[in-house]
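K.L.:
Here is how the chains run, residue by residue.
Protein chains: 2
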Amino acid sequence: MKIGIDMMGGDFAPLEAVKGVAAFFAELDAPVQLVLIGDEEQIKAHILNHPLPAERYSIVHASQVIEMHEHPTKALKEKKESSIAIGFYLLATGKTDAFISAGNTGAMMVGSLFSIKPIEGVLRPTIGAYLPREDGTLGLLVDVGLNADCKPENLNQFAILGSLFAQHILNFENPKVGLVNLGEEEGKGNLLAQAAYPLLKQNALINFVGNVEGRDLLQNKADVFVCEGFTGNVILKLAESIYDIVKRRNIDDEHFNRFNFEQYGGVPVLGVSKPVIIGHGISHAIAFKNMIRIAYRMLEIDLMGKIKSSFVAPTT
Amino acid sequence: MKIGIDMMGGDFAPLEAVKGVAAFFAELDAPVQLVLIGDEEQIKAHILNHPLPAERYSIVHASQVIEMHEHPTKALKEKKESSIAIGFYLLATGKTDAFISAGNTGAMMVGSLFSIKPIEGVLRPTIGAYLPREDGTLGLLVDVGLNADCKPENLNQFAILGSLFAQHILNFENPKVGLVNLGEEEGKGNLLAQAAYPLLKQNALINFVGNVEGRDLLQNKADVFVCEGFTGNVILKLAESIYDIVKRRNIDDEHFNRFNFEQYGGVPVLGVSKPVIIGHGISHAIAFKNMIRIAYRMLEIDLMGKIKSSFVAPTT
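Order-wise, the sequence lines are chains A and B.
Counting from 1, one number per residue, gives the positions in the first sequence under the numbering used here.
Counting from 317, one number per residue, gives the positions in the second sequence under the numbering used here.
There's no promise every hint is true.
Residues from chain A shown here face chain B by an in silico Cβ test under 7 Å; the list is partial [unchecked claim]:
#1 I169
#2 L170
#3 N190
#4 N203
#5 L205
#6 V209
#7 R215
#8 T231
#9 K247
#10 N250
FYI, nobody ran anything at the bench for these hints, they're computed from the structure.
Each residue gets a CB set at the ideal place from its N, CA and C atoms; glycine is no exception.
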């Protein structure tokens, strides 16, 4: 089992990436090989200070970096020697089994969609994000920006993908799926939500609990919150901004500290044939470690195989 | 000048409504007559404890109340003697100049759309809500649920309506208008936001500052935040829920106390020919007082006239 890591992605790369890899090795003695992708010289220099077990990793040199502000499609096309481009090349050609980066989010999305295939039957892959709930657990919000415009069947598929992730990675038994909406009652909503509701209701693969409103997003009325990527993106960034405000106001509260999204490591791209994890731009060592753990767990329990089985039969 | 008030709407009516009316009279000696609509006996009983100047109000008896959980259209049709139905009747027939209620929000929306006319040229009236910004001021979010599905021109009109309210009622000079979106750059967004952007950009009646993201909603990047009512409703209810969490966690912070939306009194229906203010279900006296003040201010400065002038010429 080989997991590729973009060592150049994120504001504190490659140092924090190296420290994250070291922390992962220290914590978990698993049959997994890490493939460190990036500037070989820089990576080696950091490994001198944060030694890694030689037999558990390899380095693949990448002479370029896609910067945070670059246009994703253009950058991926023009920077073929970048760590992200090489990362997806290794993944697509089977030289790695998963890929992780805290670099340019757009480039990671484009790479996920065009370098590797979606799982057969998946119309549109999706990106999820965690929501810190008041009871101390995490909810999962899908989609958070990969799909700004959706058809009802897309939401229905996000529900299945999110459900499987919540069950097998977040360890929810029979996760509750809620449709993000502007009212609780069946029949409420914009045209998309109104049309998606009956699909979700009839979907035997999920535990649909009905509509959820904005006030339910930080509660446990549902475990998986489904919406199109426009609303999901606004929700996620609004929630992230709460943490910044809390810090600026010197509020130190256990729950609101959980709005520090950096600690969750990264968000999964769901529906593509191999695990891809997109990290937060300001990822530190613990974020890298957590991303590797999630990718490892996705491979260990064969989440991709479970998703494939769900999409073999029609979903409704 | 006559302002109608539904005395039966809200969880603490009619007591808190009477107290709010008393507070308004005590605070402002303006040439305005208040028309108190509701159960005459109950209202009079409360006035005994909270005396009102006899020459400044009248009571119009309403024998029915539309409860919070009732179906708006059905209730308005069947309960012709309800305070909300009578309130809109008085408004539509010119017996009052504005109408305020903290009752059934749906019934207030339906009444606004069907009892009184939209201003000529306004395709869809909208409902705005306040957003507490970190700098201590309030932003305005339009739409927050009246229009779940929108066309680009609807958003363009919400921008004008919100702008005029922000300028004349919230006292912003040349209010900045932002388009709620999932990215900052022009060209980002779902199909609706992409199509609305050029309309807003070319709109000479507003001060368009471009796209704003979820993280900007509680900041002063814009004063008026424009989006369709689906996303707006989710944003509003998520923000409202933050206050509940803050209280439950015993956080007493000046800024987060401003997430108590009750204090803002109510939200305006914009684009209809007369001022209508919809209050929060848990309105107390101060909320009623503030709603009357806003309705009074809208009449005093002739906001309706200003809106009419803006919609005489084509907006783009």
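K.L.:
It remains to establish, for every hint, whether it holds in the given structure.
P.N.:
Okay, the hints, checked on the actual structure:
1. I169: 25 Å, violated
2. L170: 21 Å, violated
3. N190: 4 Å, holds
4. N203: N203/A check fails; min Cβ-Cβ to chain B is 22 Å, beyond 7 Å.
5. L205: 25 Å, violated
6. V209: 17 Å, violated
7. R215: Interface hint status for R215/A: holds (4 Å vs cutoff 7 Å).
8. T231: Cβ of T231/A sits 5 Å from chain B, so the hint holds.
9. K247: Check failed: Cβ of K247/A comes no nearer than 12 Å to chain B, outside 7 Å.
10. N250: 9 Å, violated
The structure fails hints 1, 2, 4, 5, 6, 9, 10 (numbered hints given earlier, in ascending order).
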